Every structure is written in C-alpha cells, then in structure tokens.
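Novice: The listed protein sequences correspond, in order, to chains A and B. For the first sequence, our numbering gives the first residue as 3, with consecutive numbering after it. For the second sequence, our numbering gives the first residue as 376, with consecutive numbering after it.
These aren't lab readings, by the way, just hints derived from the structure by calculation. For clarity, every value in this text was computed on a predicted model and none was experimentally measured. Think of the CB as a built atom: it goes at the ideal place given N, C-alpha and C, for glycine as much as any other residue. Mixed in with the good hints there might be a few duds.
[To be verified] Which stretches of chain A does chain B cover? Using the computed rule of at least three CB atoms under 8 angstroms from a CB of chain B, they are: (1) 54 to 64; (2) 189 to 196; (3) 212 to 221; (4) 230 to 239; (5) 244 to 252; (6) 384 to 395; (7) 418 to 427.
[Said to hold, decoys possible] Restricting the straight-line Cα-Cα distance to at most 27 angstroms, the calculated cross-link-like pairs of lysine-lysine (BS3-like) are: (8) B/693 / A/399; (9) B/597 / A/8; (10) A/432 / B/749; (11) A/432 / B/419; (12) B/419 / A/386; (13) A/448 / B/387; (14) B/387 / A/432; (15) B/749 / A/399; (16) B/387 / A/11; (17) B/693 / A/11; (18) B/419 / A/348; (19) A/149 / B/752; (20) A/97 / A/260; (21) B/419 / A/149; (22) B/749 / A/190; (23) B/752 / A/237.
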Amino acid sequence: MSNIIKLKKGLNIKLLGEAEKTVVDINSDFFALKPTDFIGVFPKLMVKEGDEVKAGTVVFYDKYRQDILFSSPVSGTITEIKRGPKRLLEEIRIKANGKSEYESFKVSDPKKLSKEEITELLRKSGIWPCLRQRPYSVIANPGDDPKAIFISAFDTAPHGLDYDFIVHGKGELFQKGLDALKKLTSGKVHLNVNPQETTSRVFHKSKDVQINQFTGPHPAGNVGIQIHHIDPINKGDIVWYLNPQDVLIIGKFFTEGKYDASCMISMSGSEVLKPRYYKTIKGTSVKPILDKNIKDGEHRYISGNVLTGRKIQQEGYIGYYDYQLSVIPEGNYYEFLGWALPGLGKFSVSRSFTSWMCTSKKYSIDTNLHGGERAFVLSGEYEKVLPMDIFPVHLLKAILAEDIDLMENLGIYEVDEEDFALCEFVCTSKINSQGIIRKGLDLMRKEMS
Amino acid sequence: MKALRKILDNIKPHVEKGGKFSKFRSTFDAFETFLFVPDHVTAKGCHIRDSNDMKRTMSVVVLAVVPAMLFGMWNVGYQHFLSIGQEVGLWENFFYGFLKILPIIIVSYVAGLGVEFIFAQIRGHEVNEGFLVSGILIPLIVPPDIPLWMVAVATIFAVIIGKEVFGGTGMNILNPALLTRAFLFFSYPTDMSGDKVWIADKADAFSGATPLGDALIGDMDKLPTVSDMFFGFIPGSVGETSTLAILIGAAILLFTGVGSFRIMISVFAGGWLTGLLMNVLAVNSYMEMDAYYHLLLGGFAFGAVFMATDPVTAAQTKRGKIIYGFLIGVVTILIRVFNPGYPEGMMLAILLLNVFSPLIDHYVVQGNIRRRLKRIKVKA
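Make the full structure from the sequences, and use the hints.
Specialist: This is the structure:
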C-alpha cells in the first residue's frame, strides 16, 4: 500500500439531510436516457416511439464516433422521444414492462479475454459510455490505450455517496469488473480510498490494482484531484475513469452476460423527509422516489450533488452518471439588507458572517445567489479550495481570452468542471467557473481534433 | 419591509428597458440591491453559493477603516486646538474634526459614485461596490483643510482614468484612492505638502510640520515620542496618524480573511529591514533613526493595511504577494530617505508596485508553467 496523500485545501460544506444508510426497493415504471448527459455526443436514434426494447438493446449511437453505442437500461416500450429547442434530443423515455428481459452476451472470464474482446463486448452491450476519459471528460475512445484507469472509492462532495455501503457484499462482482478494466490499459488501475472512512474489505482486498490513500476535505474524492497527485496528465496523455457502481455493472456483465443496470441512488437534502438510499435502475424517474417524502414548499430537484448536479423537474429522470438525488429549497426571495445582517445562520467560508462561531452546525442552503455577478476582484479565494498545483484564476482568464497555448501551459488538461465547483461556490464575484472550464475544455477538444 | 418592497416593485417596470425612466436603471438597481439582496437563484453550475458577496466584503473593509476614521476626526480637532493653544474636551475635539471631515466624505462619495452610476448605465451593468471603499479611503489620506472642489476633481479623475477606462472595478491597474491622492499631490502641491496644511486652521506661529518633514531636514530632536506616534497624536493626513487604530482595522481585515496577511506583513518587513540597512549605512541623522520609527511615521501603516492590500491592484499569487509587499516597504523607505522632494514615499511606492504587480505575477505563473513542462521532459 502506498503512502497517504494528505490534502489540506478544500472545503466540506455541512448540509442538513444526509441520507441514512437504509435501502428501500423502489419499483419505477419509467426510465429515460438523456443524450445531453454525454458531452460532445450527437445522438443518432436506432429506435422509434412504440418500439419494444430489452435491457441492453441499442437505442442510439454517436454520429461522430459511431462505435459508441447507448443502450436501454430496462426492458419495455419506447413511449416518447422528447425534443427540445432546435430539435435537440432531450430524453428517450422508456416504460418498463416489468419482465426484466435482457439482451444476452457471452459469459466469460475477463482474465481470459483480450483487450479487443472486452472492448467489443462492453461496446455492443452499451455499457461502454460509463468509461470516461480525462482530459475533456468525454466518453472514452475504444481504440485508445489509456495510461491509467482511476476509480475513486469515496465521495467527498456534499452528501456524497457511501461506496462502502453500496459495494457491501459485492466483492466478487467488483473484482471481476476490475479484472476487465485491468485488461483495457497497459498501465495501472488505481483504486483511491480514504484511510479513515473507507472500511469496506471489498476495496481493501481488491487485487491487481494500486490502492492509493487520500485524506482531506472535498474535493479530495474527485478523481481529477487524485489523478493530479498520482499520475498527472500531460499533453497527449489519456486517463480513463469511472464510478465504483459502474465497476459493479461491468462485473455483473461478465458474470451473467447481461447489461443489468441496477444501482443504488441516494436521496438527500434539507427538504427530504426521510433521506435514504434506494435500489433501482439507471435513469429512473424520480417521481416514485419523491412521492410523499418531500416537505412542502418550492424546491430545486437536482440529479447529482448540489455542487455539480443538474436541475431536473419533479417528474424528471436521474442522469446517466448520477447516483444521487438532492432536494434543496429554492431561494427566490428578497432579503432586506441581507448583506449587512450579522448572518448567524448563513454559511460562508469567510468569517465576515457571525456563523463562524458555530463550527459544527449543519445548514439548509437554498439556491439564492446571495449577490450580483461581478468581475474578478478578490484574489486567493479559489486557491484555498483547489488542492492542485494550478493557478485557477489565471487559467480561467486564459479560457476567457481563448488563448490556447496559455490554457495548455496552465494545465487545462488536468482539470474538469467538478474540480472548480468549490471555486464557484466560494466566489465572492459569483463567477460561473464551472461553465468557463467547460467552455475551455470544449475549445481545446475542438482545437486538438 | 413589505411596504418598501412594494414601492420598489411598483417603480421597477418604469426603470427597466423601454420604461419611461430607463436612464435611471443602474441607479435604481444599485439602491434596490442595497436594500434587498435580490431574489436571483443559481441557474448554471453550483446550485448553492456562499453567502458572501461583494457588498458584504466591501462593507467589512469600510468597517475596518472606521476606527482610523473616528480617531482621525478627533485628532483633527485636537491638533487644531493644540495649535491655537486651547484645551478642550474629547467631544469638542471630535465634533470639530467631524465637521471638517464629513464634507470631504460626502464630496468624495457623491463625485465617485456619480461617475460609477453613469458608467454602469452606459455599459449596462450593475454598479460595482469597489468605490464604497475608495470613497471612505480618499478623505482619510488628504489634509483636513483640503478644498472640497479639489477632492471632487481628483476623485472624478481617478475613477474615470484610473478605473472606468480599464473596464471598472476588477480591471484597474492603479489603486483609485491613491491615484486621487497622487493627482492632488502633483496638481496642487501647495495644498498637499509643506508645513502649513496638516493642521486645520492652524495658528501661524505654531509649527505644523509632520514628523516625517522634520526627519527629512534632520530635525531629529523635534520628533514626537514613540507613544505619541503609535497612538497618533501627531499632525498628518486625516486617517494615517494612529498606528493603533489602523492595527484594529488590520485585525478586522485579517480575521475575516478579506485582507491579505502576506501583503501586510511583507510590507512591514520590507520597510523595517530597509530601515535597518539604512542604519548600517548611515551618513546622516535621518539614516540613523531607529528602523521601527519608519513603520509608525506618516502613512506607512495606513498604506500597508488599507492600500497595498487592494486585491485588484496587488499581486494575486501567493509568492507574488510577498514580493510585492516587500518591495513596497523597500521603495517607501528609499523614497523617504533619499528623495529630498517629498517626505513621504508610501503613496508612490504602492502606485509603482501596482504597475509592476502583473509582472511579478507573470514570473510566478511562469514558474508553474515551467514545472509542468519539466514533468513532460522527465517522462520523455
């Protein structure tokens, strides 16, 4: 086991409504695939409304990378293909038929398969999109040989998932998934744990992987931060990464020969009556989960965590890469002289509010912006929450100026939106850093292709 | 509050685009957001945000300046009555100074915010809070008897040429408050320097030289006691005299995390070490003066705490801040000791380093870039 990497910079946001470690089975009838979850993908549909699909049936593929296929997580009927402005394909809704039929694939031990065979199986079953690459955070290219594959086994984000709890008792599946991943890279598979919080033997007993230990506040659990400290991305490097739950799905695929998209999601947030875990299938409708478990009032529903997730409607669906549903109050109210009040109940990293006195208090934070957007004024704020050897404001300014060389020099390849989420949270000028980073990554990707 | 909200909601349609009074949109917006934190919710990125905003941050700075301002008001009265040989009570001193300083504060705010409002309207953005701080700093770095029209002219110059032409708060190169002072200093030297201006309505017979002025011409025996200099019972610009009051402000800035301790400490370190160097090389009585006197005299402490730490015009990297602060300290003492023209060097030192701070940052950032490039070479 390697040394412990201790990160000091960062911030744990203390929110009310953490999910209890109990699981409820939820039978959802509706599921959706949202092509907008996949960055840079131009979907080409293979099905039409009314078609019957099985779990693992290809639903659409990427126009520009035709070897990347996306398949249905459940068996049922395509009920609606929802398009947004400019005919943007937003959702492919599937009504489950409750029969759990699967497309069948060859059951085989990944240890005995070649890289090409594993790639082919994952690709055809539509599991492939769970593998993403850095830089750019797009779906991995099946033809590439990544220098490493990273899995973060702990989530430091607000109300982050407890992967120990999720993988409990699934050691064999997890190991089988790792075996398959090991074949996909000529480098190492890194499994990153937190020495204090990761207790599961599933992680600690994993074989054929390098286990790295990280301590520290959020974003220590972000895979981008971990890559930066273990095997940083230089120009031309490619690293793949995926979620531990996707490792389980891959493991199950090689054990049973089917795409079983079962997973656990958590529901948390100050507006949830009983925050807890749910056993369901990827892309589920949130309606049955929210049912009778939400306080009164106007809420924001987020697929993912409160820092990086996406806003969804009350009848929306969980995103492909998300395993979390957060419900927080909307903050669309006026506050009289709000900037001048002592602010005992207001969370802030700065000590300009009296709330610094209660260090252990948990907060219900709403979606109010708490001020207007300004130019960059204060310095040194972002650096305190970004544990990377990167100058965040200089990088953001390089992106705004679209200076490709400078972006490259300042480390654009090493960052992702989620790494800048805390920068955005603490920003006094209320600058949309995650959006700027995304713009920079898209620009680089276009420039490099 | 609901009634007030209702009034604002009624006015709002008229000042919005296409409304009858759309020329006052930015002005209305400034007052509205002053009274109420707006109901804007997060639309992109993080769904939750820190409660801190620019108004809060700037009001912390204003709060930190208040001790120096209150003491300055008292001291203006105290110096005045001392010069005419009267002894009066605390409140009388204070009210004398209050009546002297209040008009300067009002003029500085009206002139500066006026320009800000106009530019916000022309450019179609919200009024920036930056001037809330500049507006309170300007009255504290001028002599108490400064003619008000000069304050207005200089403030307008500084806000337009120093800030708005670059794109407003956050884009400026020079500290607007110091630019105001520099403008006054070079345009109206007789009202900004010498022995006559530092005490309000001074009796002619009384020497009104600042300790720095005395030191420059070698009158070392005229220097006040250390405690007088520390507490601030000396003539000078309104807010600069009391090191104690300034340190209270520094404590507020450092505690809330608004001011950079790297800059503050390195300015003091740079000044003190250069003072020590002067002692070693001393050829005249000024150079022999104890090094720590420099930190108590003139605008050194005020500049280090409130001017050098302006986040926009200072260096922005950690290492850059230390270099920037240290050089301010060094240059200040060099100007004080070797320049026969002006007794005080703080203002010019900060403005000079404001200009150089992007360069300092550039080299710090280059260091980061080199590390990254080296990583590739090691691998290859």
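Novice: Given the hinted pair residue 597 of chain B and residue 8 of chain A, is their alpha-carbon gap at most 27 angstroms?
Specialist: violated (57 angstroms)
Novice: Assess, step by step, whether the Cα of residue 749 of chain B is no farther than 27 angstroms from the Cα of residue 399 of chain A, and give holds or violated.
Specialist: holds (23 angstroms)
Novice: What's the verdict on residue 432 of chain A and residue 419 of chain B, does the C-alpha distance respect the 27 angstroms limit or exceed it?
Specialist: Roughly 11 angstroms separates the two Cα atoms, so the pair holds.
Novice: Taking only the CA atoms, is the gap from residue 149 of chain A to residue 752 of chain B under or equal to 27 angstroms?
Specialist: This hinted pair holds, its Cα atoms lying about 17 angstroms apart.
Novice: Are at least 3 residues of the region 418 to 427 of chain A within less than 8 angstroms of chain B when you compare beta carbons?
Specialist: Result for this restraint: holds, n = 4.
Novice: For the pair supplied as a hint, residue 693 of chain B and residue 11 of chain A, confirm whether the alpha-carbon distance does not exceed 27 angstroms.
Specialist: holds (14 angstroms)
Novice: For residue 752 of chain B and residue 237 of chain A, compute the direct alpha-carbon distance and say whether it is at most 27 angstroms.
Specialist: Holds. Residue 752 of chain B to residue 237 of chain A sits at ~11 angstroms (cutoff 27 angstroms).
Novice: Against the 27 angstroms threshold, does the CA-CA distance of residue 387 of chain B and residue 432 of chain A hold or violate the hint?
Specialist: Answer holds: residue 387 of chain B to residue 432 of chain A is near 24 angstroms, not above 27 angstroms.
Novice: If you count the residues of the region 384 to 395 of chain A with a beta-carbon closer than 8 angstroms to a beta-carbon of chain B, do you get 3 or more?
Specialist: With 5 residues in contact (Cβ-Cβ under 8 angstroms with chain B), the coverage given for the region 384 to 395 of chain A holds.
Novice: Take the C-alpha atoms of residue 749 of chain B and residue 190 of chain A, compute the straight-line distance between them, and say whether it is at most 27 angstroms.
Specialist: holds (23 angstroms)
Novice: Quick check: do three or more residues in the region 54 to 64 of chain A have a beta carbon closer than 8 angstroms to a beta carbon of chain B?
Specialist: violated (count 0)
Novice: Closer than 8 angstroms, Cβ to Cβ, for at least three residues: run that test on the region 230 to 239 of chain A against chain B and report holds or violated.
Specialist: holds (count 3)
When held up to the earlier numbered hints, the structure conflicts with 1, 2, 3, 5, 9, 10, 13, 16, 21 and fits the remainder.
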